[in-house]
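Novice: Heads up: the protein sequence lines correspond to chains S, D and F, in order. Last residue of the first sequence: 498 (our numbering), numbering continuous. Last residue of the second sequence: 419 (our numbering), numbering continuous. Last residue of the third sequence: 390 (our numbering), numbering continuous.
Among the hints, erroneous ones may be present.
[Claimed, not checked] Derived lysine to any residue pairs resembling SDA-like cross-links, with alpha carbons at most 25 Å apart:
id: 1; chain 1: F; residue 1: Lys149; chain 2: F; residue 2: Glu108
id: 2; chain 1: D; residue 1: Lys308; chain 2: F; residue 2: Phe7
id: 3; chain 1: S; residue 1: Lys323; chain 2: F; residue 2: Glu108
id: 4; chain 1: S; residue 1: Lys276; chain 2: F; residue 2: Gln5
id: 5; chain 1: S; residue 1: Lys488; chain 2: S; residue 2: Glu470
id: 6; chain 1: D; residue 1: Lys253; chain 2: F; residue 2: Gly124
Calculated directly from the structure, the hints in this document are not laboratory data. Given the structure is predicted, the values throughout are model-derived calculations rather than measurements.
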Amino acid sequence: MNMQAAPRHGKTPAVGQPHTRNEEACHDLSVRVRDLSLWYGQSQALKGLDIDIFEKNVTALIGPSGCGKSTFLRCLNRMNDLIPGVRIAGLVEMDGHDVNTAKMDEVALRRRVGMVFQKPNPFPKSIYENIAYAPRMHDLVGRKAEQDELVERALRDAGLWEEVKDKLQQPGTSLSGGQQQRLCIARAIAVQPDVILMDEPTSALDPISTATIEDLMDKLKQQFTIVTVTHNMQQAARVADYTAFFHLGEIIEYNDTKTMFSNPATKKAEDYITGRYG
Amino acid sequence: MQTNQLLALFSGALLLLGLIAFFLGRAKAARVRATGTAMYAQPDQYAWFAVLATAGPALLVSAVGGFLLLLLGAEIPTPYLLAGSLGVAAIGLMVGMNRVHPDFHARQAIERVIRWILVGAALISIFTTFGILFSIVFEALRFFQMHSFWDFITGTVWNPGASFLAAAGRAAEGGSAAQFGSVPLFAGTFMITAIAMLVAIPIGLLAAIYMAEFAPRRVRTLAKPTLEVLAGIPTVVYGFFAAITVAPIIVKVAGALGLDASFNNAVAPGVVMGIMIIPFISSLSDDVINSVPDSMRQGSLALGMTKGETIRDVVIPAALPGIISASLLAVSRALGETMIVVMAAGMRPNLTANPLEDMTTVTVRIVAALTGDLEFESAETLSAFALGLVLFGVTLSLNLVSVLMIRRFREKYRVNNL
Amino acid sequence: MSQSFDEISAQLKRRHRKSARLKWISMGALGLAGLFLVLFFADMLSKGLPAFQQAYVQVELDYNEEASRMGRAAMDPEVSRIVSRSFERLIPGMLRDDPDLLGTSEQRWVLAKGEVDQYLKGHRNKLSEAEREVVDELAESGRVTLKFNTTFFSRGDSKMAESSGILAAAVGTVMTMLVTLAIAFPIGVMTALYLEEFAPDNRLTQVIEININNLAAIPSILFGLLGLAIFINFFGVPRSSPLVGGMTLALMTLPVIIIATRTALRSVPDSIRHAAFGVGCSRWQVVRDHVLPLAMPGIMTGSIIGLAQAMGETAPLIIVGMVAFIPDVSASFTQAATVLPAQIFTWAGEPDRAFVEKTAGGILVLLSILIFLNAAAVVLRKKFERRW
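Start from the sequences, fold in the hints, and give me the full structure.
Specialist: Here it is in structure tokens:
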């Protein structure tokens with residue numbers, strides 16, 4: 221494990237394991253990352269990361285801007301493929317498959333690893349179509365009734381049903397920012413992925429919408445593995461089971477969230493959490 | 002020529018007066034300044050003001066006089082007019098000199114004048130539009146006094162043949178009465194436009210999709226200007242290409258298929274016009290597709306959509322207002338295109354649905370009506386203006402709709418480079 | 003629960019194929035457009051390049067008495083059948099200008115008939131069997147041959163293909179463009195200056211802006227109607243003259259110049275304006291001394307492109323009568339003249355097959371000028387391009 225900052229207390233954990241285990245959480249492996257490095261052209265953005273992400277948990281990635289947390293998140297569904305000049309080395313393993321091999325179809329990967337973005341990005345379609353579109357293309361639904369049912373379920377799961385059930389045919393862009401973001405979450409869960417990546421999903425939203433989405437994340441982890449990047453440490457403390465602290469392209473500390481915020485194992489994480497930099 | 006000499010004399014005198022104004026003004030200002038009085042402006046600015054005061058009113062007077070001469074047929078002999086203008090110039094010179102005064106804001110006065118000149122320049126574009134509108138409307142009205150508007154709009158026979166006899170006061174001698182039913186002309190125009198769009202929209206849009214979504218950067222930077230060469234080729238050249246190269250090919254191909262095609266068929270000008278219009282569609286569509294926010298694409302890809310599906314179902318719908326706008330502009334362009342159809346399409350008004358037959362268009366008839374040695378007052382000549390009026394109305398509305406659509410697109414995605 | 007990777011991948015095969023198909027089809031569309039361009043230029047070159055060569059024949063000229071009345075008499079009657087009549091007609095004049103020639107004789111390369119030219123180039127022609135024999139015989143001895151066609155660049159229009167040239171049209175184009183530029187450039191730049199630097203954001207300004215955009219999209223032929231109704235019929239500008247053609251084209255070019263100038267002015271950063279205001283310049287001084295010089299390369303580029311556009315325009319010029327038959331270079335802006343595209347149009351309408359080649363040759367000349375102008379605009383932009 222590439223943890224240069226040695227823990228101040230407690231024994232060094234096994235490679236990729238959290239420093240302290242949260243006994244209430246589920247510990248079935250969802251994504252295993254070993255020695256993952258990434259270069260943008262000449263500059264190295266990720267430096268040999270090791271981390272095990274557990275199923276049906278919320279894992280928060282925190283750290284100062286430019287530390288590589290978003291880049292890491294995008295490695296999990298190969299969204300970095302879209303950027304020219306990116307080179308990746310190391311292992312990202314899911315369901316027994318290395319996702320970075322040429323054999324792995326990135327489109328199939330993204331079916332199972334959904335993503336919610338920083339800014340809500342509903343399609344230029346109706347609310348209904350925003351959700352029904354992907355499942356239909358994936359042959360997840362057949363008849364119209366099935367489709368209706370799926371749309372309703374996804375919207376209910378995203379806590380948006382009550383607000384939009386009378387205006388399903390209106391464009392997705394007519395909703396407020398918070399509603400749009402929940403629509404994007406509903407869109408992501410409608411294809412029934414295993415993992416949902418959230419890239420600072422609330423940073424563009426008002427506090428009330430943020431609270432709604434945090435509640436939603438808590439609910440969704442019953443069904444999905446959630447990995448979220450956040451700038452907001454209170455948010456990480458509120459929603460996450462495990463938290464990883466990134467700094468300059470490395471994971472400095474991976475820990476049970478409660479322990480991380482009350483008694484961090486590394487000096488750097490403590491400094492960041494207490495607001496000395498970042 | 003006497004007028005020419007007079008004009009030269011006038012310009013010379015005015016120039017001389019201007020020069021005098023400049024040097025007198027500057028000298029006077031310099032003198033005032035030398036006495037140590039604080040002045041609002043530089044001597045040169047006073048000098049320029051004196052020049053403006055001299056030449057400006059004089060030019061204005063002569064321009065107004067000339068306009069009256071032409072417009073109202075007022076009987077002002079040119080020499081008197083020019084002499085009067087020079088008189089005004091002399092008065093202006095004196096006034097200007099008088100104003101060379103320490104507490105006169107010469108610079109501000111000059112800049113006010115400059116501003117008005119700029120406003121005047123900006124108004125010329127408006128005058129142009131009104132000029133087009135009026136010149137067409139008035140002549141068109143004269144045409145509609147001779148032939149009913151209803152027959153023009155709904156008639157299916159365009160036969161101006163005998164109208165020149167009517168203009169010569171020999172209407173009774175003409176065999177058959179002239180008929181101005183524009184339906185066959187519009188049918189021909191729409192047929193050729195439709196063929197052009199069938200070529201231009203698929204090829205232009207697909208090429209734009211390739212350039213914006215698939216092509217490596219280098220290909221894109223090369224392909225776009227190369228395609229735009231197609232739009233830079235003069236239409237007369239396309240007309241020649243259509244008539245000499247494409248039309249015989251069409252006839253041969255049609256012949257091979259057992260069809261009978263005219264050498265003036267509608268397909269050749271249509272196809273060539275489509276080729277010309279490709280860059281209109283591809284360039285604007287490429288810009289529009291590029292300004293669809295990347296977050297849309299990522300949102301779709303993150304749901305496990307393939308690139309093709311993302312383009313078809315997300316990017317293109319998002320870019321649709323811009324693409325439609327581009328297509329409308331292209332249609333407007335095709336409707337008004339003249340040289341290609343004049344050279345490659347037929348002259349015979351022909352109401353048919355068969356694109357292999359020869360048919361004529363609105364613009365062809367406009368050219369035909371205005372190039373012969375016809376009396377300007379004849380109904381055929383005036384019919385060109387009636388056709389022009391319809392063309393103006395249609396293209397203007399297409400352009401306006403197109404501008405509105407692109408504006409909506411711009412506001413939606415907050416793009417500024419369109 | 004969710005499907006495995008293998009299941010999903012299997013289902014994706016069809017969709018990937020579709021996606022790839024879109025890529026290939028769209029690439030094909032771009033290729034097709036490129037192919038059109040290549041075919042077009044190939045066609046024009048193959049048709050037009052022969053126009054730069056013309057058949058000349060070496061004749062023995064015997065300046066006798068009879069030749070001063072009928073030029074044909076100066077030549078061997080066999081040979082005179084394949085000599086261009088445009089040359090025959092020159093002989094009496096030559097003798098009148100220079101009486102000393104009378105009684106002398108000389109060897110001279112003169113223009114051959116257009117049909118001979120077509121025959122030598124292997125095109126269809128109307129030469130009789132006997133004439134062909136004469137040509138073949140003379141060609142054998144090197145007395146009939148294809149040479150660089152100087153006539154094409156040194157003469158005006160003619161009814162005989164072999165002696166028609168583009169000089170009159172080229173001069174007409176230059177004169178017309180001078181008028182266009184003299185009107186459109188100052189007015190266009192001033193309009194743009196007003197809209198960008200001075201205009202308040204009010205209704206009038208918006209109307210002007212919408213109007214300019216519209217003007218740019220109005221069919222060019224309608225500008226011809228304006229020229230005919232207002233310039234010619236109302237103001238009495240002489241028909242067919244470079245003056246009326248230039249004025250008409252100026253109105254068409256105006257929006258191009260305005261739009262280009264506005265873009266150039268907009269690309270000058272506000273910091274420059276603020277700095278100049280900061281040292282006490284008035285608005286006009288800021289514009290004249292700082293903004294305009296910086297925007298000049300962009301304005302020039304736009305004007306050149308607008309000029310190139312105007313240069314290729316034909317339809318409005320036909321309407322204002324610039325398709326006249328002009329055998330001589332016109333000397334004044336108010337005399338009848340023609341321009342290159344109009345000359346191309348006239349030639350394209352000639353029934354004589356030899357004119358096809360002339361037309362294509364004229365097209366090549368026009369295209370070369372346009373390519374040169376556009377290349378100049380690109381070079382200018384590249385040279386002065388500045389990132390702020």
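Novice: Which earlier hints can't be squared with this structure?
Specialist: Violated hint: only 3; rest satisfied.
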